[in-house]
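Engineer: Sequence order for the protein chains is A and B.
Using our numbering, read the first sequence as starting at 1 and increasing by one per residue.
Using our numbering, read the second sequence as starting at 1 and increasing by one per residue.
Just so you know, these hints were derived from the structure itself, not from any lab.
Every residue gets a Cβ at the ideal spot worked out from N, C-alpha and C, and that includes glycine.
One or more hints might be untrue.
[Stated by the list, open to error] Derived, one-sided and incomplete: chain A residues facing chain B with beta-carbon distance under 10 Å:
1. 1
2. 22
3. 27
4. 42
5. 43
6. 58
7. 90
8. 97
9. 100
10. 104
11. 108
[Unchecked claim] From the structure, some residues in chain B lie toward chain A, with a derived Cβ separation under 10 Å:
12. 30
13. 33
14. 37
15. 44
16. 50
17. 56
18. 58
19. 59
20. 61
21. 62
22. 103
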Amino acid sequence: GQQVMQIPQYQHVQEGEDFTTYCNSSTTLSNIQWYKQRPGGHPVFLIQLVKSGEVKKQKRLTFQFGEAKKNSSLHITATQTTDVGTYFCAGTQGGSEKLVFGKGMKLTVNP
Amino acid sequence: ETGVTQSPTHLIKTRGQQVTLRCSSQSGHNTVSWYQQALGQGPQFIFQYYREEENGRGNFPPRFSGLQFPNYSSELNVNALELDDSALYLCASSHPQRTTQYFGPGTRLLVL
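Next comes chain A alone, as it looks inside the complex (with noise of 0.2 Å):
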C-alpha cells in the first residue's frame, strides 16, 4: 500500500538557523499536505500543494512538491523556538479519501 516516509526523524537545530526536511511517497501523489503538531497538540494544517514543481511559501518556511510528485520538501529559514514542534507531511491517491501521513519530523530548537 501506500506508504510516506519523512527524513530525518529528528532535527535539533541552533536558534537562527536553516535547516531542510524531506517527505518522500512510494506512490505518485494528487496532493501533498504539511501539519504541524505541538507537544501535547493536534496536528494543524499548514499547506497544500497540488501541482507537479510547485513552490509556496509562508513566511520563513518553504514548501515544494516534486516534479515527479512523489516528494515533497519544507525549508525553514532563521529558525525560533517557535518552530519547535512535530512537522507533518500527509498525502492522497488518486479519487481516495485516504490521506497517508508520514511519521513526522521532530524538530527541537536550542535559544
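The hints should help you fit chain B onto chain A, whose structure is shown.
Structural biologist: For chain B alone, coordinates are given in the frame of chain A:
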C-alpha cells in the same frame, strides 16, 4: 466559526471493554474522518464519513465502527478493546470535496 470538538478528552478502559468517542465537526463541514495516533507516530486513517455514510476505510478491523448524524457530528466505537488500542484518537472535519483536515484536540485512550 466553531472548531472541531471532541469528548471526552481522556479515557481509561480495560481490555475487552467497549468505548464510544464523540466529535462535532467545524461549522460548514459535512465530512468527518477519524485517525488513530500512537505515541511517536503519525496519524493513521481509520475511516471517513460523508452524508452519514462510510466513505473510505483504512486498515482497521471491524471492531472499529462509526456513525455520522444529520448534524454532521460523529461517533467512533471500538469493541473488545486491546492494549494496542491505547492512543490519541483524532477527529478531523473537512469541506465537501476537499482533503484538507481540520483536527480536533483528540481523545487520549488508555487501555489497561
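Engineer: So, for every hint listed, does it hold in this structure?
Structural biologist: Hint check results:
1. 1: holds (8 Å)
2. 22: Because about 15 Å separates residue 22 (chain A) from the closest Cβ in chain B, which is outside the 10 Å limit, the hint is violated.
3. 27: violated (15 Å)
4. 42: Cβ of residue 42 (chain A) sits 4 Å from chain B, so the hint holds.
5. 43: This hint holds: residue 43 (chain A) lies near chain B, its Cβ roughly 5 Å from the closest one there, short of 10 Å.
6. 58: Interface hint status for residue 58 (chain A): violated (14 Å vs cutoff 10 Å).
7. 90: holds (8 Å)
8. 97: Holds - the Cβ of residue 97 (chain A) comes within 10 Å of chain B, reaching about 4 Å at its closest.
9. 100: holds (7 Å)
10. 104: With a closest approach of 5 Å, the residue 104 (chain A) hint holds.
11. 108: This interface hint is violated because 14 Å lies over the 10 Å limit.
12. 30: violated (13 Å)
13. 33: Holds - the Cβ of residue 33 (chain B) comes within 10 Å of chain A, reaching about 7 Å at its closest.
14. 37: holds (8 Å)
15. 44: Holds. Min distance 7 Å.
16. 50: holds (8 Å)
17. 56: holds (4 Å)
18. 58: Holds - the Cβ of residue 58 (chain B) comes within 10 Å of chain A, reaching about 6 Å at its closest.
19. 59: holds (8 Å)
20. 61: violated (16 Å)
21. 62: It is violated, given that the least Cβ distance between residue 62 (chain B) and chain A is near 17 Å, above 10 Å.
22. 103: holds (4 Å)
Of the numbered hints listed earlier, those contradicted by the structure are 2, 3, 6, 11, 12, 20, 21.
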